Amino acid sequence: MPEDFLPIAVLIILATGLSFTILLLGQIFGPRRPNPRKGSPYESGMRPYGKGQRRVPIHYYLIAVLFILFDVEIIFILPWAVVLRDLGIFGLIEMGLFVAILLIGFVYAWKKGALEWD
Amino acid sequence: MPIVPFDTSMIAAISAELLLLLLAGVILAVDMIWGSKQKDHLGWITAGGLLFILLISLIFTRPEPVERLIFGGMLRQDWLTFTFRLIFLFAAAITSLLSINLKGITGRGEYYALLVVTTLGMSLMAASADLIMLYLAIETTSIPLYILAGFMKSDDKSTESGIKYFLFGALTSTVMLYGFSLLYGFSGETNLYLLSERLTGGEISIWVLGGAALLVLVGFSFKVSAVPFHFWSPDVYEGAPTPITAYISTASKAAGFAVLVRVMITVFPEISLYWTSILAVVATATMTVGNMVALAQKNIKRLLAYSSIAHAGYALIGLVAFSELGIASLLFYLAAYVVTNLAAFAIVVFFANTVGSDEIADYAGLSRRSPGLAFAMLIAFLSLAGMPPLAGFVAKFYVFAAAVESGLIWLAFVGVLNAIIGLYYYMTVLKVVYLYRSDDDEVPIAVSRPAAIALGVSVIAVLGIGIASGPWLGWALDTASSLF
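Protein chains in written order, with our numbering: chain C, 28 to 145; chain W, 62 to 545.
The following block holds chain C by itself, in its conformation from the complex:
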């Protein structure tokens, strides 16, 4: 049993060894000419302004999260719809409960103003 894992062990050693070797070679042979422009954070070629930690609006994020809610719902509903006839009334109730739980969360987010754009 353990010898089955030998190739994996060899791979781990080779992979780690290779990455360290590359880093080491870069350290030894790479030219280093630092200047302030190189040290500054990259902002699509623009000159950076302000602090990196300033607050940003997260509306997109909220919308994305609410989207995931329905996305996941669809993932479950599609296979369920295929076998709905076999599941019968039991399946219908189960899915009703599932949707109801998600719905409570969605209505809550809506009521709390997560969908208002400003």
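Calculated directly from the structure, the hints in this document are not laboratory data. One thing to keep in mind: the hints can contain errors.
[Unchecked claim] Taking lysine-lysine pairs in the DSS-like style, the calculated list, with each CA pair at most 25 Å apart, reads: (1) W:225 - W:164; (2) W:359 - W:218; (3) W:164 - C:78; (4) W:218 - W:164; (5) W:359 - W:492; (6) W:225 - W:359; (7) W:164 - W:214; (8) C:139 - W:164; (9) W:225 - W:214; (10) C:78 - W:218; (11) W:214 - C:138; (12) C:78 - C:65; (13) W:214 - C:78; (14) W:359 - C:138; (15) C:139 - W:214.
[Claimed, not checked] Derived Cβ-Cβ restraints for the label pairs, each shown as a range: (16) C:124 - W:127: 26 to 36 Å; (17) C:129 - W:468: 36 to 46 Å; (18) W:258 - C:132: 34 to 44 Å; (19) C:99 - W:275: 31 to 41 Å; (20) W:215 - C:93: 36 to 46 Å; (21) W:489 - C:132: 39 to 49 Å; (22) C:84 - W:164: 56 to 66 Å.
[Claimed, not checked] Take a look, some chain C residues computed to stay more than 10 Å from chain W by CB distance: (23) 53; (24) 62; (25) 67; (26) 70; (27) 73; (28) 92; (29) 109; (30) 126.
The structure displayed is predicted, hence computed values, not measured ones. The beta carbon of each residue, even a glycine, is placed where N, CA and C say it ideally should be.
Assemble the complex: chain C is given as a structure, and chain W must be docked to it using the hints.
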């Protein structure tokens, strides 16, 4: 262990979980409909609902005489599930009472809903008999706790605490999941009880199985904050809202122990000699590091954080003993620790509410400001230190007795030495409370009614478990015997 086909009595077995889900929905609905007109009704609804569920599960979810696997082997209906469920519900009810009237929390529906959902997750953690269910339950518990720890969005410390908890939790749960995948790979089963049948027989080398056990242990050690996976707890405890700190340090830790006990005893009895040796070392390190570092703390929440690390070490002794008495003593220890720590944190909540500080030095003169509160603190801290006749003493006694019974006299000795170190720093806090004076001797600490109820119940529980320990130990022994 047969998997029982579905029948309606199974619905009763998970009635507590179903009601918890319903309660979370009700809280959100109430918050939506009435909004923030009334400040504290959400907390009362939560606490009342949890109390109601506690009673329901006490009556209707009592395990059958024979343990059984229900819902296709996903859950196991036994005494361990039952006992831990009651502990979680109790802790959650106390926590929601403590949260009432706290600035930034009261009147926030999602806070209480998340609290209820995380309790639901813990309850399922204790019941899980399947790797997939176990992992889902752990995540259902953890994710709301990450949010709750960082609930004070405008407070940097709280945000830090949430992020730190999340990063640590995500990392350890990855490692644990890797362990789960190895177990599945070896056995082709995800059900803990079927899996253990496949693993016995010595076909799989001890080293490989031990490796998988170690990976799984990483995840559980994070949950119970055992050394070396304890680094998160002081920072998280300090930054999180204090009721949540109380909840993480009690219920979440107990949930970690529930899965630790079930998985180690069910899946790895073959290699018990190896993992008990590892856990003996972990327990020693956890007790010693927790107590030693607690000596130097100036902040009461950090002090209680390190003390809770040390307490995880004491409780681990019960598992290391690997006997019925050992597991029973662990359960007893957890119950005693949960009620004691809730009482201790209740006082921290009051104090921070009035004084706005968590520094131990500011507790000076508390005995003159609020004699009753100081006395409750005396009881809680002496119980944490392990003084008779309080719960903490009996709990430590049983744990050490279990260690001696299993021939681990050295471990009991380490435990006793650590209890002495612990006594020193608990007494130092009490010294500040009782002997030092402050300039505000005349100003009493404001105690709100719900929080006073929470503190009163916890203190009575500390006294009750300590003075009449017999029936509780009997219960713990029954629970332990359902595992072996």
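Hints and how they fare:
1. W:225 - W:164: holds, 23 Å
2. W:359 - W:218: holds, 17 Å
3. W:164 - C:78: violated, 30 Å
4. W:218 - W:164: With Cα atoms ~16 Å apart, residue 218 of chain W and residue 164 of chain W stay inside 25 Å; holds.
5. W:359 - W:492: holds, 14 Å
6. W:225 - W:359: holds, 21 Å
7. W:164 - W:214: holds, 13 Å
8. C:139 - W:164: holds, 19 Å
9. W:225 - W:214: Holds, at roughly 14 Å.
10. C:78 - W:218: holds, 20 Å
11. W:214 - C:138: Holds, at roughly 20 Å.
12. C:78 - C:65: Within the cut-off at roughly 18 Å; holds.
13. W:214 - C:78: holds, 20 Å
14. W:359 - C:138: violated, 43 Å
15. C:139 - W:214: holds, 16 Å
16. C:124 - W:127: 26 to 36 Å: holds, 30 Å
17. C:129 - W:468: 36 to 46 Å: Taking Cβ atoms as reference, residue 129 of chain C and residue 468 of chain W lie about 54 Å apart, which means the hint is violated.
18. W:258 - C:132: 34 to 44 Å: holds, 40 Å
19. C:99 - W:275: 31 to 41 Å: About 33 Å separates the Cβ atoms of residue 99 of chain C and residue 275 of chain W, which means 31 to 41 Å holds.
20. W:215 - C:93: 36 to 46 Å: violated, 24 Å
21. W:489 - C:132: 39 to 49 Å: holds, 47 Å
22. C:84 - W:164: 56 to 66 Å: With a Cβ separation near 26 Å, residue 84 of chain C and residue 164 of chain W fall outside 56 to 66 Å, so the hint is violated.
23. 53: holds, 28 Å
24. 62: holds, 34 Å
25. 67: With a cut-off of 10 Å, residue 67 of chain C remains clear of chain W, as the shortest Cβ separation is near 26 Å.
26. 70: Given that every Cβ of chain W is farther than 10 Å from that of residue 70 of chain C, nearest at about 24 Å, it holds.
27. 73: Residue 73 of chain C clear of chain W: closest Cβ-Cβ about 28 Å, beyond 10 Å.
28. 92: holds, 12 Å
29. 109: About 21 Å separates residue 109 of chain C from the closest Cβ of chain W, which puts it past 10 Å; holds.
30. 126: Consistent with the label, residue 126 of chain C stays out of reach of chain W, its closest Cβ about 13 Å off (over 10 Å).
The structure does not agree with the numbered hints 3, 14, 17, 20 and 22 stated previously, though it agrees with the rest.
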